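Please put together the full structure from these sequences, using the hints given.
Chains as they are written, first to last, in this note's numbering: chain A, 63 to 337; chain B, 21 to 239.
Bear in mind the hints are in silico, worked out from the structure with no lab data behind them.
Computed from a predicted structure; not experimentally measured.
This list has only true hints and no planted wrong ones.
Here are the simulated distance ranges between beta carbons:
#, chain 1, residue 1, chain 2, residue 2, range
1, A, Ala75, B, Gly108, 55 to 63 Å
2, A, Gly78, B, Tyr201, 51 to 59 Å
3, B, Ile239, A, Lys183, 27 to 35 Å
4, B, Gly137, A, Leu143, 17 to 25 Å
5, A, Gly130, B, Trp71, 37 to 45 Å
6, B, Ala41, A, Arg77, 41 to 49 Å
7, B, Val42, A, Ser137, 38 to 46 Å
Here are the simulated DSBU-like cross-link-like pairs (lysine-lysine), alpha carbons at most 30 Å apart as the crow flies:
#, chain 1, residue 1, chain 2, residue 2
8, B, Lys156, A, Lys183
9, A, Lys197, B, Lys156
10, A, Lys224, A, Lys197
11, A, Lys183, A, Lys248
12, A, Lys178, B, Lys156
13, A, Lys197, B, Lys236
14, B, Lys233, B, Lys156
15, A, Lys178, A, Lys197
16, B, Lys156, A, Lys138
17, A, Lys297, A, Lys248
18, A, Lys197, A, Lys248
19, A, Lys178, B, Lys233
20, A, Lys197, B, Lys233
21, A, Lys224, A, Lys252
22, A, Lys248, A, Lys269
23, A, Lys224, A, Lys138
24, A, Lys183, B, Lys236
25, A, Lys183, A, Lys252
26, A, Lys197, A, Lys252
27, B, Lys156, B, Lys236
28, A, Lys269, A, Lys224
29, A, Lys224, A, Lys248
30, B, Lys156, A, Lys224
31, A, Lys224, A, Lys178
32, A, Lys224, A, Lys183
33, A, Lys297, A, Lys269
34, A, Lys138, A, Lys178
35, A, Lys178, B, Lys236
36, A, Lys178, A, Lys252
Using N, Cα and C, we set each Cβ at its ideal position, and we do this for glycine too.
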Amino acid sequence: MIRLSNVQKTYAARRGSDEHVALRGINLDIAAGEIVGVIGRSGAGKSTLIRCINLLETPTSGSVTVDGTDVTTLSKRDLPLFRRQLGMVFQHFNLLSSRTVFDNIALPLELAGATKAEIAKAVDPLLPLVGLEDKRDRYPAELSGGQKQRVGIARALSSNPKVLLCDEVTSALDPETTRQILTLLKDINKRLGLTMVVITHEMAVVKALCDRVAVMDAGVIVEEGAVEGIFADPKHATTQSLLADEFMDFRAGSDANSTPKTNTTTSGTAAGQEG
Amino acid sequence: MFSTLAPILLQATGETLYMVAVSLTIATAFGLPLGVLLATSGRGELFEALWFQRVFGPLVNATRSVPFIILAVAIIPFTRFVVGTSIGTSAAIVPLTVAAIPFIARIIEGAMREVDGGLIEAAQAMGARPVQVVTKVLLPEALPGIIHGLTLTAVTLIGYSAMVGAVGAGGLGDLGIRYGYQRFRPDVMAAVVITLIVVVQVVQSFGDYLARKADKRNI
Numbered sequence: 063m064i065r066l067s068n069v070q071k072t073y074a075a076r077r078g079s080d081e082h083v084a085l086r087g088i089n090l091d092i093a094a095g096e097i098v099g100v101i102g103r104s105g106a107g108k109s110t111l112i113r114c115i116n117l118l119e120t121p122t123s124g125s126v127t128v129d130g131t132d133v134t135t136l137s138k139r140d141l142p143l144f145r146r147q148l149g150m151v152f153q154h155f156n157l158l159s160s161r162t163v164f165d166n167i168a169l170p171l172e173l174a175g176a177t178k179a180e181i182a183k184a185v186d187p188l189l190p191l192v193g194l195e196d197k198r199d200r201y202p203a204e205l206s207g208g209q210k211q212r213v214g215i216a217r218a219l220s221s222n223p224k225v226l227l228c229d230e231v232t233s234a235l236d237p238e239t240t241r242q243i244l245t246l247l248k249d250i251n252k253r254l255g256l257t258m259v260v261i262t263h264e265m266a267v268v269k270a271l272c273d274r275v276a277v278m279d280a281g282v283i284v285e286e287g288a289v290e291g292i293f294a295d296p297k298h299a300t301t302q303s304l305l306a307d308e309f310m311d312f313r314a315g316s317d318a319n320s321t322p323k324t325n326t327t328t329s330g331t332a333a334g335q336e337g
Numbered sequence: 021m022f023s024t025l026a027p028i029l030l031q032a033t034g035e036t037l038y039m040v041a042v043s044l045t046i047a048t049a050f051g052l053p054l055g056v057l058l059a060t061s062g063r064g065e066l067f068e069a070l071w072f073q074r075v076f077g078p079l080v081n082a083t084r085s086v087p088f089i090i091l092a093v094a095i096i097p098f099t100r101f102v103v104g105t106s107i108g109t110s111a112a113i114v115p116l117t118v119a120a121i122p123f124i125a126r127i128i129e130g131a132m133r134e135v136d137g138g139l140i141e142a143a144q145a146m147g148a149r150p151v152q153v154v155t156k157v158l159l160p161e162a163l164p165g166i167i168h169g170l171t172l173t174a175v176t177l178i179g180y181s182a183m184v185g186a187v188g189a190g191g192l193g194d195l196g197i198r199y200g201y202q203r204f205r206p207d208v209m210a211a212v213v214i215t216l217i218v219v220v221q222v223v224q225s226f227g228d229y230l231a232r233k234a235d236k237r238n239i
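Here is the structure:
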């Protein structure tokens, strides 16, 4: 579905900053329907990598093939049409404060020139899917972080994309909300058969969501494979240290568990409510 | 006394409002696209055009650095060319508009630059064309700031319109100068000042109301 071949990205030197190489020859194959995680520390190049897939960043060299088309050769006119086949979800949600939940989800369809009837037909079923039926006419300022991210996910799905790009989608959320959002994404992957690329710095996200994982460090993929294999036998030092962080989180988490939680909801339902 | 003062005060207020409304409308028609382009033509921006920045940036600054009363006198030939005369209420609209265009352009530019860059990226990821990023994202998100800015412009224009009164344009400023100052009528002067205060209050309150209504960031 997605193939990156020897993708390099260099930011040219500007006044005040030296030349910066973000990606040094990335090769990555992502099959249809698969959830692939890309994990790494800040500055490893993972955000640049995901932006090379929908050409928010143009690779300096190498090719990016999505669904059989080399997208790096697309013209400025065709680029928006290509991007409408991909949905993207962001760390900081990036919702329009001036639009209601419904109108935010409708935006990709509006941009594609859909009629009001087509928009209603596409958006109305998405509201229950992400558990926001009762927030239809609310503004983002009236929503919690988790609810905002649900709007972000519904918006990314509204144009019926083949691929969902997730850029640190749970990094601004608390642990309980993170679990709910990850469950929702997993559920969407099963129901709609979407291909997903998930950028994260947390191994817990990879563990909960991904089939396969690529570990990045300094613009290179240092280790790649099935999630179970990587967790069982991490070879590269970066992978080991990321897993060590996870263990620390686990320890911290178990300490936190000793304080009684109130009003615990099961994170299993897509319609789970949060704060 | 009031019966003789009321009609001329009313007429002067009408002239002031007419000058401000017309110049604000025309200046917005020019200032809006200018502001949009100033906000989006920088390096790596939607409509990258560095020549535009280099030409219009300094031009806007230059116009804004000329004191209004000097500008009004300096462009008299241009005013005469546009409306056929340099005296009167309609003639005053020309310098008012010329002064307001760069003011509005900078206000629109500022309000648009306040919009979170993440929203531009999100819109592009959804397949928005550059024009759609402006019409569907930047302008709606910047609207509260733009309304505040246009209110500020309107209030400034009320002040400026009093100044063009000094060069024979009519309106409240003209009334204050001719009756209040030159004919030693403190009652007229007081009436003019009070009317100006009331007009500014009403304009500001109305602008604040519209901006609040458009702002969905704090509900």
